[in-house]
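First to last, the sequence lines map onto chains U and A. Per our numbering, the first sequence starts with residue 1, numbered consecutively. Per our numbering, the second sequence starts with residue 1, numbered consecutively.
Mixed in with the good hints, there may be bad ones.
Here are some of the chain U residues that sit facing chain A, going by a computed Cβ distance under 7 Å [stated by the list, open to error]:
| no. | residue |
| --- | --- |
| 1 | E25 |
| 2 | G67 |
| 3 | S71 |
| 4 | T117 |
| 5 | M168 |
| 6 | H173 |
| 7 | L198 |
| 8 | P205 |
| 9 | S207 |
The hints are simulated quantities; they were obtained by calculation from the structure and are not laboratory data. Remember, it's a predicted structure, so these values are computed and weren't measured experimentally. The C-beta atom is built at its ideal place from N, Cα and C for all residues, glycine as well.
Listed below, chain by chain, are the residues.
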Amino acid sequence: MKLFAYIALLGSSFFLFSAYGRSREMIDALNAPVPAWLSLGEPIRAEVIARDVQRGDEISFRPRSGGATNSATRVQIPDQSIDVELDHRIDYFGKNEEGQGVSLSPDGKKLLVNLGTETWLYEVADSGRLHEVLIDIPHVTYDDGLKGLIFQWSWASDGVMVANAEVMDEKGHNVIENRVYAFHQERKSLSRLDFSALNLDANDPPSLKVLGFRANLDEIVLEIDGKRVLAKADLKSLPRLLEEPRDRRSASGKVEGAKNSRPMPSELKEHQSASEKPGSLLWFIAGVILVAILAFFLKTWEGKVFS
Amino acid sequence: MKIFVVLSFLLVSLSKSQTVELLTLKTSPTPNAVDLEWVGQSGKFYYLQCSADLEDWNFMGVVDAGDGSVISYGFPTNFTSLNYRVVIRLTPPTGDADGDGLTDEDEHFVHMTNADDADSDGDGVDDREEVVAGTDPWSDTDRPFYVLEVTWPSDVVVEYFLTKEFWVLKADEATDPDWWIGLSQVDVATTLDLQLKSFEPVDGVTTLNVLNFRDRESAGADQYTINNIALVIPSERTASPVEQAENNPLPELGGYAGKWGLYPVSVLELSPKVKDEEGNEIAGSEKIVQGRPLGFFVEIDPHANRIAHRELKVKIGGPLEDRKVIWSLDVLPGATPATVRGEWEDSPTHKDRFEVSAVYGISGFNRVSQTSGETTVAESGQTAIRVNVPPIGLNQVRIRIQIEGVAGELDLIDMEVPAVVVIDPGHGGIDSGAVGRTDNSVLEKDLALAYSLKLREELIDKFKDERHGFLVKMTREDDSTLKLSYRAPVARDLGADIFVSIHFNSALSSSARGSETYVERTPRNRNQAEDAGLASLLQNSVVSAIQAEDVGGKHRLTFNHNWVLKNNLPILGVKTAGFVVTKDGAFNNGNSTDFHPVRACLVEIEFISNDAALNAVKLSDLRGIRSKDGFSQSAAQDILNNIQDQE
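Make a model of the complete structure from these sequences and hints.
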């Protein structure tokens, strides 16, 4: 009877920790190999300059939207008197004075438009029209560690983009880690910003959002759990590559996935990155519990036999 | 009398976007009645037509958008034989085909009027005017009383317009120039129907004490009262008794020379404009509305403002230049709840009911805070003020405008803080969430989206039925991937009252089932009791909806019974967790701007890893459609009740 109870306990713990699983599509996306056109750069270290910056103090910084705004389908660039309806939706979450779904480059000629893990690039013509341009932008965190998705690319300069990334648990209800990535467009290299100096709580990861940049690209304004933080980070210098792209030629003129830069399946190419096996954390926890229960069981069993 | 309902089986291409096609219609066995029912396909829009001869088809004013659920329509009929057909369009009804000022969509979905006929009931009044006036656009005997003609003393014509922007009492130009007038105690409309009244001339009386006009459909609740109506004095009658009166001298007022008139206050502009769920400004939102829903208060920036407000620019009249205007604000008579909830003092920056500019200007306020609203009529006859109200959904207030030295109000403006609800369909895009165990075509993200869209539809219907202002925002409306941490801030940025995240559950054990609802755990949750109150309502609704289709539906009991007991809440199936989307930190709840806490919960409808539960919720099964509809209808009522009940 007791043996049955142990088995039941073991089974229930297994069920408990295996209750949810990612979809095949999600697993494939997170474990996709690094695309041939993409190279991975070393992390860019970020250090805190000031915490709890008051709203308005960062006035000398360029907002991540570059002054563009948007609704669910419209883009406005007030400085150029542009108000255009697009044929696709845009990230829009309600109040949107800062333009959550769009980002205009400092030269005012390139507009990034985001919808979830899709990003469009438009050239802003002198006529005020927007012309779509094919572009490669990653939406998966290909570097080491747990894998997540990259959202909302924005222009830090005319050639450097920055975006937030989110690593979720398998259930899809919690964020394990928030990150920020930089993408140097010409070299097509992706680098994570290293926030280890900020001493963020790893057990309860704070929300992390990019708000703006200094013109010389050495400082960045972040919103961490609702508080504005000024950080020093060299976004201008090209970080040293961790790994050279295997086939640069395939990246040039690449059409697939370029229209809106979906991360899948166009990024499923070539060599495998440091892989994250789906469910590894939960399996680990289940394993620990299994060992503990077995140990307890054996101890009880020994007591029965030898006492 | 037996009814022969002939259902046409036509498949006729009428245009690229409109077809008539064969449908299997369920008809009613009830005599003298027609009861039709069919499954509306997503992306199609259904219109019902009838014909006696199969040639001349008449639009019946029924339309619905297909969403995979059953469309039902029933009506009585005296015809012994009539043909019905369903017209299907592939494009939504937009535009204004009959030019009556109502969009086709509103005519079809909201007012049920004929989109192809500006005057559905043929009573000579356009549908829009009837909608504004609150009369029945399908009844030619129920029409607005726009003009009352009263003959007094011989040729005077009194015109009454059913709009507060244009209260006019005027004398006909042909009136004998020698007559003069003083009106005393005019009391009109003591019943719900406006009546003709004779005005008795009284020499030397200078003011109208009370003039009441009542909206017929709300006896008393919407009673418009104007006291001390100023009279427009023709310039050639400067010696009129009105001006000579000692007790209440009035200035000579221009603008209506040659006529007698009530002194009108018209709202020129409300700013800022209201934006819809898509972030686009709503045309006409700068104008005050008549009747219900009331005019909107808005929140520009809930982070900094934490107050709902609107700036009002009104025209009172040039002759009153430099006169002081006094503004006051109270709860709207008959409002539910009968109080203005929240405290102005809780707002970090706008603690007063009114804010005015030091110098009147068309744009901008210098924000000279004061507790009593006082402005001065400019040379243009205009004045402006900013009105602040605690941003609690469905707070309803009446703003009174008075002229210093004149008893009673010059005008009343009724406004409301709209209810704001954010619905969050879980997962999406490449993140499918859970997968149906015995039917892997069923994905959590699809179910969550379908249930959420239906809930939105029911909420919109509910708020419209109750004539409330509202904003229902979805975090996603399609199959797009959405960053988890972007979801809750939608509610924060909109100053939402409620955030509801819809999910479906899964477990390795195929026997696991039941419904459960999550709120954030303490100590981080600053308003857990409020969250739990909402959660318990929705939890009961979802269990009832599932149980109606499957006897196995049940509350998935919480392990945390102590929390249930501690909060004295009869909550079954309500649990606590640290899910990102329900975190108060993401809503800014509990910070220094703890003024408008968002109530949030995450509903796990059922386990799609359980075969019986899956069949009770999946949309390829009629039971699933009924579960979706049942939950959505009940949850919409829950949400409305919860917003009205919040303190």
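Closest C-beta approach of E25(U) to chain A relative to 7 Å, hint status: holds, 5 Å
Agreement of hint T117(U) with chain A interface, Cβ distance less than 7 Å: holds, 4 Å
Given hint S207(U) near chain A, where the shortest CB pair must fall under 7 Å: holds, 5 Å
Hint check, L198(U) versus chain A [nearest Cβ-Cβ separation less than 7 Å]: Cβ of L198(U) sits 17 Å from chain A, so the hint is violated.
Proposed interface contact between H173(U) and chain A, which counts if any beta carbon pair is under 7 Å: Holds, because the Cβ-Cβ distance from H173(U) to chain A comes to roughly 4 Å (cut-off 7 Å).
Proposed interface contact between S71(U) and chain A, which counts if any beta carbon pair is under 7 Å: holds, 3 Å
Chain A contact restraint for M168(U) - C-beta distance below 7 Å: holds, 6 Å
Residue hint P205(U), partner chain A, criterion CB-CB below 7 Å: Not OK, violated: P205(U) not within 7 Å of chain A, min 10 Å.
Per-residue hint verdict: G67(U), partner chain A, C-beta under 7 Å: The hint is violated - G67(U) has no Cβ within 7 Å of chain A, the shortest such distance being about 17 Å.
Of the numbered hints listed earlier, those contradicted by the structure are 2, 7, 8.
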